[in-house]
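Between the sequences and the hints, there should be enough to build the whole structure, so can you do that?
Protein sequence lines correspond, in order, to chains B and L.
Residues 1395 to 1777 in my numbering are what the first sequence spells out, letter by letter.
Residues 1230 to 1427 in my numbering are what the second sequence spells out, letter by letter.
No wet-lab data here; the hints were simulated from the structure.
Please read all numbers here as calculations on a predicted model, not as lab measurements.
Don't take every hint at face value.
Claimed, not checked - What follows is a list of derived Cβ distance ranges for each label pair:
no. : chain 1 : residue 1 : chain 2 : residue 2 : range
1   : L       : 1242      : B       : 1529      : 41 to 49 Å
2   : B       : 1474      : L       : 1392      : 49 to 57 Å
3   : B       : 1637      : L       : 1346      : 24 to 32 Å
Unchecked claim - Here are the simulated lysine-lysine pairs, DSS-like style, with alpha carbons at most 30 Å apart:
no. : chain 1 : residue 1 : chain 2 : residue 2
4   : B       : 1643      : L       : 1386
5   : L       : 1253      : B       : 1458
6   : B       : 1643      : L       : 1389
7   : B       : 1488      : L       : 1253
8   : L       : 1326      : B       : 1460
9   : B       : 1499      : L       : 1253
10  : L       : 1389      : B       : 1554
11  : L       : 1355      : L       : 1310
12  : L       : 1310      : B       : 1562
13  : L       : 1326      : B       : 1499
14  : L       : 1253      : B       : 1444
15  : B       : 1672      : B       : 1590
16  : B       : 1562      : L       : 1386
A virtual CB, placed ideally from N, CA and C, is assigned to each residue, including glycine.
The chain contents come next:
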Amino acid sequence: MQLARLSLLNFRNYREANIHFFDGVHVIYGENGAGKTTILEAIHYLALTKSFRTAVDKHLIFDKEKMFRIQGDFTNRQGQAIHTTIAYSRDSGKHLTANGQKLQKFSEYIGEVPVVLLHPADLSLSQGSPQQRRRFLDILLSQSSKLYLHHLIQYNRSLKQRNQLLLKSQEAPLDPQLLISWEENLIHHGAEIIRKRQESVVRLSELVKSFYGQLSRKADQVKIIYQRSVPEQKGEDLHDTYRRLFAEKRSREQAYGSTIIGPHRDDLLFLINGRPAKAYASQGEHKTFVIALKLGEFQHLEQQRDQAPILLFDDIFGELDAGRIEEMLNQLSDIGQVFVTTTSRNFFDKISHFKHTTHYYAVQNGTIDYQTETPENRGMQGA
Amino acid sequence: MTSLPPALQELAAALGRLPGIGRKTATRLAFFILNAPREEGEILARAIMKVKAEVKRCSRCFNFTESDPCHICSDERRNHKLICLVEDSQTILLIEKTNEYRGLYHVLGGVISPLDGIGPEALRIKELLGRLEGVEEVILALTPSTEGEATSIYLAKLLKPQGIRITRLARGIPLGSSLEFVDELTLGKALQSRSEMN
Chain B
1395 MQLARLSLLN
1405 FRNYREANIH
1415 FFDGVHVIYG
1425 ENGAGKTTIL
1435 EAIHYLALTK
1445 SFRTAVDKHL
1455 IFDKEKMFRI
1465 QGDFTNRQGQ
1475 AIHTTIAYSR
1485 DSGKHLTANG
1495 QKLQKFSEYI
1505 GEVPVVLLHP
1515 ADLSLSQGSP
1525 QQRRRFLDIL
1535 LSQSSKLYLH
1545 HLIQYNRSLK
1555 QRNQLLLKSQ
1565 EAPLDPQLLI
1575 SWEENLIHHG
1585 AEIIRKRQES
1595 VVRLSELVKS
1605 FYGQLSRKAD
1615 QVKIIYQRSV
1625 PEQKGEDLHD
1635 TYRRLFAEKR
1645 SREQAYGSTI
1655 IGPHRDDLLF
1665 LINGRPAKAY
1675 ASQGEHKTFV
1685 IALKLGEFQH
1695 LEQQRDQAPI
1705 LLFDDIFGEL
1715 DAGRIEEMLN
1725 QLSDIGQVFV
1735 TTTSRNFFDK
1745 ISHFKHTTHY
1755 YAVQNGTIDY
1765 QTETPENRGM
1775 QGA
Chain L
1230 MTSLPPALQE
1240 LAAALGRLPG
1250 IGRKTATRLA
1260 FFILNAPREE
1270 GEILARAIMK
1280 VKAEVKRCSR
1290 CFNFTESDPC
1300 HICSDERRNH
1310 KLICLVEDSQ
1320 TILLIEKTNE
1330 YRGLYHVLGG
1340 VISPLDGIGP
1350 EALRIKELLG
1360 RLEGVEEVIL
1370 ALTPSTEGEA
1380 TSIYLAKLLK
1390 PQGIRITRLA
1400 RGIPLGSSLE
1410 FVDELTLGKA
1420 LQSRSEMN
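Right, here's the structure in full:
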């Protein structure tokens, strides 16, 4: 996947910008608050119709303007052009247009432009909350399968509805059939989510194992296990297990006022040499694990979509040394396009054994509605 | 723009309450009506008064109609042993356009949604149960949203014990999708391949 041109209008601190990109690595440098991450944020927004920095779209609007607009011209591996425009206005909300066609459901579009993001918050993936790991898996699978995203949206909606019923049942007795109707919905969508996760985690685990080995240069055995609240039972259909668990837990769930079984409670267990990384891994091992995980995400998406995802590395150089980054990028045989932000351009100059062409962009925020754009092809091949 | 005559402001405000009409469009429409010949405004006003006065709900199927029972319920050539359950009257229009269906309808008036405080008692379920005499099949044609699904499941469990065949529209892929998710299913096709619900 290649982004040839990005246009911004009233997006964050960009009044108006029109930027051209190329093959290979794009280093976006400038001072803090200059608007480096905003470029990555805009690309991410075009791919997933969401920011990774805020859930509130109006915060993305420049100052007191009424709307922002992001446009991107992409070309996929098959040579097809994808022109995406997303406009958000305070009055009428978000509108997505792809190749001139206005799309009512964003879920139809997500995955057309696959991206993999690595930003500082990801470095706690292996140590943080289960929610963070579910989110990682959901973003990966939503981009690789539109059906997965469909089931996920329906599942989350059904979950909210059932939880509302459970809460209400604490005040007044409830028609049990009503609760069961929502359970059947959750089972239908939840079972699809569980199956898809199970199958993908097996593949992801293999990829991560291989990347981890290459990055650490040690014979560590790495494994990812999908921990599910609706387990696999020999001789029992997943739907039946799910139904049985609901029947068993229903009264407890009514007491809680929320649904306690299902894929929204699942987790990923990361193992290094058979021991949980969360409890035993060193800080260095955690970092290596997260990078291997992101490379695994890249490879998995690449295989699923037959498309090299666009890589976005936001300000991770404070956390990782240049050697590791270089190694990480060189791991990816068909790298496609990479965007990195850094406060210091020099940092990237240190990477000498880099296989890919590098382009530099300076970002300055001195003037509000102007952005300098200095693509310098340094062609750092070989060295 | 701040000092529109009060009558014009009132019209724009009324138009702005219509679905899909924003403030700007409402103002534009209000100016259009004001600039149009007097008769134009009267035609519109009369049409609104007339629709409110003359169109009612059919006492059997609850579709909008000027005669009671409506022309569908009173059509002897249609299959009265078959009822298609829909969320609202607009769906009837869509299904009629497919020319695939010759049974009757029942307008439920919504779907179950706890988050919106809509339970089974807020829908025309009792009215449906009251007209099942001699009915052999009920087709559930609710929107494929989670709410529509849950409502279908609820109704299927309620109607099955009455010995009525319960079917629903083929579950393919949501209608009106595009790109790869899609499968251009038309409503007519979905009706042809409706399936048994367990």
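Hints versus structure:
A C-beta distance of roughly 43 Å is found between residue 1242 of chain L and residue 1529 of chain B, which places it inside the suggested range of 41 to 49 Å. Evaluation of the 49 to 57 Å hint for residue 1474 of chain B and residue 1392 of chain L yields a pass: the beta carbon distance comes to about 54 Å. In this structure the supplied range 24 to 32 Å holds for residue 1637 of chain B paired with residue 1346 of chain L, their Cβ-Cβ distance being about 27 Å. Straight-line distance between C-alpha atoms of residue 1643 of chain B and residue 1386 of chain L comes to about 22 Å, which keeps the hinted pair within the 30 Å bound.
Between residue 1253 of chain L and residue 1458 of chain B the alpha-carbon distance is near 19 Å, which keeps this suggested pair within the 30 Å criterion. With a C-alpha separation of about 27 Å, the suggested pair residue 1643 of chain B and residue 1389 of chain L falls inside the 30 Å cut-off, and the hint holds. The hinted pair formed by residue 1488 of chain B and residue 1253 of chain L meets the criterion: a straight-line CA distance of about 18 Å does not exceed 30 Å. A hinted pair counts as satisfied when its Cα atoms are at most 30 Å apart, and residue 1326 of chain L with residue 1460 of chain B does not qualify at roughly 41 Å.
Restraint check: the Cα-Cα separation between residue 1499 of chain B and residue 1253 of chain L comes to about 25 Å, which is no more than 30 Å; the hinted pair holds. Between residue 1389 of chain L and residue 1554 of chain B the CA atoms are separated by roughly 27 Å; this keeps the pair inside 30 Å, and the hint holds. With a CA separation close to 18 Å, the supplied pair residue 1355 of chain L and residue 1310 of chain L stays within the 30 Å bound. With a C-alpha separation of about 38 Å, the suggested pairing of residue 1310 of chain L with residue 1562 of chain B is violated against the 30 Å cut-off.
Distance check on the hinted pair: residue 1326 of chain L and residue 1499 of chain B sit about 25 Å apart at the alpha-carbon level, within 30 Å; holds. For a cut-off of 30 Å, the pair hint linking residue 1253 of chain L to residue 1444 of chain B stands: about 28 Å separates their Cα positions. This hinted pair checks out: residue 1672 of chain B and residue 1590 of chain B have alpha carbons roughly 24 Å apart, not beyond 30 Å. Only pairs whose Cα atoms come within 30 Å are accepted, and residue 1562 of chain B paired with residue 1386 of chain L is accepted, the gap being roughly 22 Å.
Violated hints, listed in ascending order, are 8 and 12; each of the other numbered hints is respected by the structure.
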